[in-house]
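Asks: If you're matching them up, the sequences are chains A and B in order. Start counting the first sequence at 131; every next residue gets the next number (this note's numbering). Start counting the second sequence at 11; every next residue gets the next number (this note's numbering).
Take the hints with a grain of salt, since some may be wrong.
[Stated by the list, open to error] Derived DEER-like restraints, expressed as beta-carbon distance ranges: (1) B:Lys421 x A:Ser147: 19 to 27 Å; (2) A:Glu430 x B:Lys541: 43 to 51 Å; (3) A:Arg392 x B:Lys541: 16 to 24 Å; (4) B:Glu54 x A:Asp175: 26 to 34 Å; (5) A:Lys298 x B:Ala335: 18 to 26 Å.
Hints were generated in silico from the structure; no laboratory data involved. For every residue, glycine included, the Cβ atom is placed at its ideal position computed from N, Cα and C.
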Amino acid sequence: SGINAEYVEKCLEILESLVCYTVKDVKCPDEVSPVVKTSVCSKQDGYEDFLAGLITDACMKVMPVQRTFNVDSVRTCKILGAGVLSSTCFRGMVFRRNVESDITCVKDAKIAVFSCPFDIGTTETKGTILIKNAEELKNFSVDEEKLIENQIKDLADAGINCVVSGGKVGDMVLHFANKFNIMVVRLMSKWDLRRVCKSIGATAQPNLVVPTPEEIGFCSKVELDEVGDTTVVVFRQERDETAMSTIVIRGSTDNIMDDIERAIDDGVNSVKIVTRDQRCLPGACATEIELAKQLMQYGEQTAGMEQYAIKKFAEAFEVFPKVLAENTGLKANEVLAKMYNAHQGPEDINYGLNLEADTPEVMDCMERRVLDPFLTKHWGIKFAVNAANTVLVVDQIIMAKQAGGPKPRKGQADPDDE
Amino acid sequence: MAAKMMGPGMGMQPRIILLKEGTDTSQGVPQIISNINACQMVVEAIRTTLGPRGMDKLIVDSKEKVTISNDGATILSLLQIVHPAAKTLVDIARSQDAEVGDGTTTVTMLAGEFMKQAKPYIEDGINPQVIIRSYRKATAFALKKIAELQVTVKKDDPVEQRDLLKKCAATSMCSKLIAFNKDYFSEMVVDAVMCLDTYLPLNMIGIKKVTGGSLTDTQLVKGVAFKKTFSYAGFEMQPKTYKSPKVLCLNIELELKAERDNAECRIDNVKDYQEIVDVEWNILYEKLEKMVQSGAKIILSKLPIGDVATQYFADRDIFCAGRVAQEDLNRTVKACGGTILATVNNVREADMGECELFEEIQIGNERYNKFTGCPKAKTCTLILRGGAEQFIDETERSLHDAIMIVRRAMKNDSVVAGGGAIEMELSKELKSYAKTIHGKEQLLITAYAKALEIIPRQLCDNAGFDATVILNKLRQKHAQGEKWMGMDITSEDVADNFAACVWEPSIVKKNALTAACEACCTILSIDETVKNPNSNYKAPSAMPGM
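Put together the whole structure using the sequences plus the hints.
Replies: Here it is, written out as structure tokens:
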């Protein structure tokens, strides 16, 4: 019982034959953006052109030459205010933080990153400072200050004009940083620190020493800016191959921004899929109808009871155009009729449902650039079939529930009953 | 939604439990209608605050704190609305406040009206997605129109620019409590914003509140002013007025204290003991000595300044103040120059600030320290006076709105005419645009255009005029091509608002339209609400049927 593995094989075979388009160059935004657009369209109708452009832009900026595309390279930052159409993207990173130092803008920044607090070093072991005479007491804090001053001076001498710290910034240290014109930014999250390191090419130091030239990061501009009502620190990178790009999401409510973030997430994943497998299928239910039609034909040619099963399997694919039509406000039956009509010849596989018309109409997906990635459909079908099989094989459900009978007296609750 | 499981031919259908016990769900068209109705109720609550004749609301919160306000965002956040869809309206008011500062009531009303106009179409069965698409189209068109209609005042002429800013500030204050003194205040607000630097940071304008006096006693200090902080003995002997003093800002505690908390002193004989005690005193004296040597006459510190230090300074005619608030200290540094030091070794000339005059004056019931005539003056302080605390709080909010408006106007200096003029013009343009579109969208864009008329209508209602008569006149005038005709409060009639100097920065309107449309589209696209039983929300039983 269940759906035989053969039918799935046949189905996937047909799917491969329906590939209408292969992305030739994943670095070209025009080729990739239709795929992103289709994915975003179903989440955020109305903003899909704008968002698709934004997402493609962000991904292109971090598309690596050799390695696989990493979705973590595209970050988002949500800032309340304005509207979705004011969202922007650029190379580098944005954090909703304020700078600690007086200096708020550094051009051509050489950045040292510290994962420890940017403060006077303390020992983990509990210790007591032993003072033997009055002279030592007097010189104690002066010496401490001199030590810090020298440390910061060394940093400044190495050319560092910006420090990013993963922990607290001490007052004394900040004072000397201001004196030597070093900008200090504190990041709250360990992950943010790691991403900054990746983005600027720095290595995080675990204690307050001067980093070697390889460990120092570089950034075109680090500055404090105000977007909407929020102050943000922007690490901007102008050179070509960057590790990170950030999309600044604007919106009038938190809900909208969260939703846009999810849509962007989906879009970026679509780009990742396309880099793995460049084949694309026609969207707008063209693939589904074609699958239904071809599987139906295959079913007719099969002998035995399996004929019925295959035909029903094929019919199941019709649910997509039906639901899509109903959601748009069209009549499902008319839509199905029109689509089958359009898919008569072997060359007519690209006809999908045109949602912008008031009456059921078909359109050429290749022309209108409505494409779906191949892997999405491929895995979708596989997983769905697995799930359906799991459920169909079940013939009895046994579930534990509270039994009847007298309730146990309070205070003597048997732990087994909880 | 509910999974259908076929039993193996047995008669009993197992009960299908998909969500937790006590979960509340409602879906479908009635759900959208109920959400729209909830939003209408929110709009009802604040519609009377719009415009120059708008009224204020008095809200007592759970801690029995009384707030009187006219500002839409403040009222909505204090109302503590629990209905999930209506919370979107609170959010957009907040975002309008963050982005622009003013127009929060406008944005809420627009959103509510868009939804109200859409309601009959939803009840008739039009798919909400169609409505959302048409609204977005209409908004895009409206924004384009605003960009065409807006008037840019040239930035290079400072007199003209100042004039423009004053008018914008005055229009913003028109609807608030301080409307009667709006000339006085708009002058002050523009002065305040003009003295900020290019980033126009809001925290560089300090606002201090002192009860007593009247509204017109409010003063703008082109420098810094803050309340006198707690001071130890010896304070009275320090002089209270200085001319051209040097100012030193510190982050050190000037008090006899342990150098290091976990340090231990181990000594061998009694003489050493006395030496150690002496050294502790000497450490403090050395610090004080260094400060005196630097030539500073005024010493401010974030941390406390103890009585020994206070006395020391008093003997040498130096003023000191400890426990100064961080932002006051920041502003002082910004105004007078110098930096906040954490050590007194090597105090350089550049680390100290200077100003022309420092004095400690009595304002109302409090003593204030005032620094004026600062050379780098990139900050200023507003000292608000007034009768009651609530009054002063409301003044602060109104001034905050006006300051935000002026800041926005400085950054992008295009204006449109207020008083409902721009809304009527957009309405007219949208109606003619709608006629060029075929299909259901035509109806919906016309509905959108009609919704825009709510602003002038509400302005009339609040003022007690006959809205129908005035709107008729406005429509006629706009159809004849006079694009800046709007409501005139003083003459109970229509007038050219551009000539009458009722101006608003165009970004207020642009942002309001965008935000209202987004909120409306969000609510229209919800067709099912699922409420988790764990939340403490006690739904009034009438809610689903509203």
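Asks: Taking the CB of Glu54 (chain B) and the CB of Asp175 (chain A), does the distance hold inside 26 to 34 Å?
Replies: Taking Cβ atoms as reference, Glu54 (chain B) and Asp175 (chain A) lie about 31 Å apart, which means the hint holds.
Asks: At the C-beta level, are Lys421 (chain B) and Ser147 (chain A) separated by a distance inside 19 to 27 Å?
Replies: 57 Å, violated
Asks: When you take the CB atoms of Lys298 (chain A) and Ala335 (chain B), is the distance between them in 18 to 26 Å?
Replies: 21 Å, holds
Asks: If I claimed the Cβ atoms of Arg392 (chain A) and Lys541 (chain B) lie 16 to 24 Å apart, would that claim hold in this structure?
Replies: 21 Å, holds
Asks: Indicate whether the distance between the beta carbons of Glu430 (chain A) and Lys541 (chain B) respects the range 43 to 51 Å.
Replies: At 49 Å between Cβs, range holds.
Comparing the model with each earlier hint shows a violation of hint 1 alone; every other hint is respected.
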